[in-house]
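Residues per chain, in single letters:
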Amino acid sequence: MREDAMVPEAEFRSYYGQPVIKAPVWHEPHMPVYLYLGGLSGAASVMAAMAGLTGRDRLALTARVTAAVGATAGAALLAAELGRPERFLNMLRVFKLTSPMSVGSWILAAHSGLTTIAAASAVAAALPSAAAKVVAVLPAASAPVRALPTAGDAATLAIAVTGPLMATYTAVLLADTAVPAWHEAHRELPFLFAGSALASAGAMGMLATPRVEAGPARAVAALGAVMETAAGAVMERRLGLVGEPYRLGRAGRLMRAARVLTAGGGLLATVAGRSRTLSAISGLALTAGSLCIRFGALEAGRLSAADPKYTVVPQRRRLEAGNPASVPERP
Amino acid sequence: MDIAPNRYGFFTDTSICIGCKACEVACKEWNDVPDDGFVFRATSYDNTGSLGANTWRHVAFIEQQRPVGQADGRGQVGGQDQGEGPAGGPGPDSIERWLMSSDVCKHCTHAACLDVCPTGALFRTEFGTVVVQEDICNGCGYCVPACPYGVIDRRERDGRAWKCTMCYDRQLGGLEPACAKACPTDSIQFGPLDELRLRAEERVERLHEEGRPEARLYGASPDDGVGGDGAFFLLLDEPEVYGLPPDPVVTTRDLPAMWRWAGGAAVSLVGAMAVSFLSERLVGRIAAHDRSLGRRR
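Line by line, the protein sequences are chains A and B. Just so we're aligned, residue 1 is where the first sequence starts under the UniProt record's numbering, counting upward by one. Just so we're aligned, residue 1 is where the second sequence starts under the UniProt record's numbering, counting upward by one.
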């Protein structure tokens, strides 16, 4: 017994202790880093839109570039996970509502395209001489360069819609599996990931924007830290036995590290406006915390798939309570 | 649910399985499935272990001690056999029994692997079975943790997902699948699913009459969590003893709820962002108000 608060050892039978379900085959660090980047990019794009609307140009620039870099790097990692880049295109051959992976691929494709336009226009606006040079060298480029600011603003409004989807669909991606620690957590995981996305985007805003304009980024970071911490606490309490993997082994260490880094970084963010050092420490802690959450969640899923206890015991309890699973008739 | 007018399936009667593994071999030969490497598990005589990318039929061997006169399988058989094999020698009032069961893809009525496949590589055939098209699968691996039975798996060598096709090619040619053809005891039976279900119920009744009340069907009910299996089993103990989940659910059953919760989280994200931007403005305004008040005082 590791601690008294833990669920009592469940008695169950199994086939030589072998897993009942297959563990996720996704590779590390591709998948967890993709989850982090998706969240970062998603929340940063909402930040870009709001910063633009409230006239904070410097913060808007940071947010647009963060959103674009996050989305494209994420897409690259996903392609690497698939093995060959053209396999990502294969993802777009159908659109399937029953597959969060299919829906997510379309969200990612739209989001990364739009964030690239938004960032390109913001960068071009920040470097007017560079845009002029491009036009001088390539006269054919003059029309696109002139259209950039309008296209960029339109794209920024659009990514304010795709961003929140980008930041939360990954929770559905994990939850829509037979992995007990993910499936049973389908209520809290989206909030955990949304909070983590806010915290990481706020952190990036604090790290790459002058303190005077980073006020909202600090608030975003602090609120995100609160949401992430609350969702994590509710999740572990509600899950019971199935939540155990989030406390055990490497997954447990990562989740605990995430909690400390996020809570600490979030608290610091509220006072980080005073100094550049505090801003930097808070931003880095929140980034590390956000990464730890994704690695921890993935590892907990793997643990819960590897031990037949987490699959068999809840199902057995359901049967013994006379409440077997049923499927509602679908069209 | 009617998923095919002529739905074909497997009925695996484990009470007459002799564990010869002819089905495993026949499957490998017909489908040209690579070997799994030579791994000795040292748990039982079963060295295949489980279904996977390279094992589409798997014969499980379960070694049990059970008290004499206790025909009921529940609770009495095998004790807490969590990976123990035969626990010591057989006691004076216990007998040994071996359960053997040839496991296979269940070809669920509501198949999670098929639902979550993002490329459409998995499809439902005219025989009501679930098949992966190897030229379309791009190896995202999503079907692997989605399967509530742990059947489908990604082959590391080529990065694509593989599983039993119920010998789709043989069915197209009017032949029965290789495993059923090779089974020497007819433990594996292939045919129209409704017919198999009737035959299975008769078999369970006969076993009950013969004094084997532990016989039960698994995956035969169309009302279970996956809408019934296209490949179902007659078992002589609880499903988990054979490595099967006792009450599996198609993972996409809860998908609408999942999207709702994600939608709530997305809205909260936008809300938190709006609060962050507006609060500073509010705080700024209050501070300015205080300053002006201070000046007036």
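Honestly, the hints are just simulated from the structure, not real lab data. Fair warning: there could be bad hints in the mix.
Stated by the list, open to error - Cut-off 20 Å, straight-line C-alpha distance, at most; resulting in silico cross-link-like pairs (SDA-like, lysine to any residue):
no., chain 1, residue 1, chain 2, residue 2
1, A, 96, B, 257
2, A, 96, B, 260
3, A, 96, B, 134
4, A, 96, B, 274
5, A, 96, B, 120
6, A, 96, B, 3
7, A, 96, B, 181
8, A, 96, B, 192
9, A, 96, B, 21
10, A, 96, B, 256
11, A, 96, B, 206
12, A, 96, B, 124
13, A, 96, B, 135
14, A, 96, B, 136
15, B, 21, B, 3
16, B, 21, B, 67
17, A, 96, B, 63
Hints and how they fare:
At most 20 Å may separate the alpha-carbon atoms for a hinted pair to count; residue 96(A) and residue 257(B) meet this at roughly 17 Å. A threshold of 20 Å between alpha carbons decides the hint, and for residue 96(A) with residue 260(B) the separation of about 17 Å falls inside it, so the pair holds. Taking the CA atoms of residue 96(A) and residue 134(B), the gap is about 19 Å. The hint holds against a cut of 20 Å. For the hint pairing residue 96(A) with residue 274(B), the CA-to-CA distance comes to about 32 Å; that exceeds 20 Å, so the pair is violated.
Proximity of residue 96(A) to residue 120(B) is assessed by CA-CA distance (about 8 Å); at most 20 Å being required, the pair is judged to hold. This hinted pair checks out: residue 96(A) and residue 3(B) have alpha carbons roughly 19 Å apart, not beyond 20 Å. Our distance criterion of 20 Å between C-alpha atoms is broken by residue 96(A) and residue 181(B), whose separation comes to about 37 Å. With a CA separation close to 30 Å, the supplied pair residue 96(A) and residue 192(B) exceeds the 20 Å bound.
Taking the CA atoms of residue 96(A) and residue 21(B), the gap is near 39 Å; set against the 20 Å cutoff, the hint is violated. A C-alpha spacing of about 14 Å is found between residue 96(A) and residue 256(B), which places the hinted pair at or below 20 Å, so the restraint holds. Under the criterion of a C-alpha separation no larger than 20 Å, the hint pairing residue 96(A) with residue 206(B) is inconsistent with the structure, at around 46 Å. Restraint check: the Cα-Cα separation between residue 96(A) and residue 124(B) comes to about 15 Å, which is no more than 20 Å; the hinted pair holds.
Between residue 96(A) and residue 135(B) the alpha-carbon distance is near 19 Å, which keeps this suggested pair within the 20 Å criterion. A distance of roughly 15 Å separates the Cα atoms of residue 96(A) and residue 136(B); the hinted pair therefore holds under the 20 Å criterion. Restraint check for residue 21(B) and residue 3(B): the C-alpha separation of about 31 Å exceeds 20 Å, so the hint is violated. The suggested pairing of residue 21(B) with residue 67(B) is violated, with an alpha-carbon distance near 28 Å, which exceeds 20 Å.
Of the pairs offered as hints, the one joining residue 96(A) and residue 63(B) is violated, with about 44 Å between alpha carbons and a cut-off of 20 Å exceeded.
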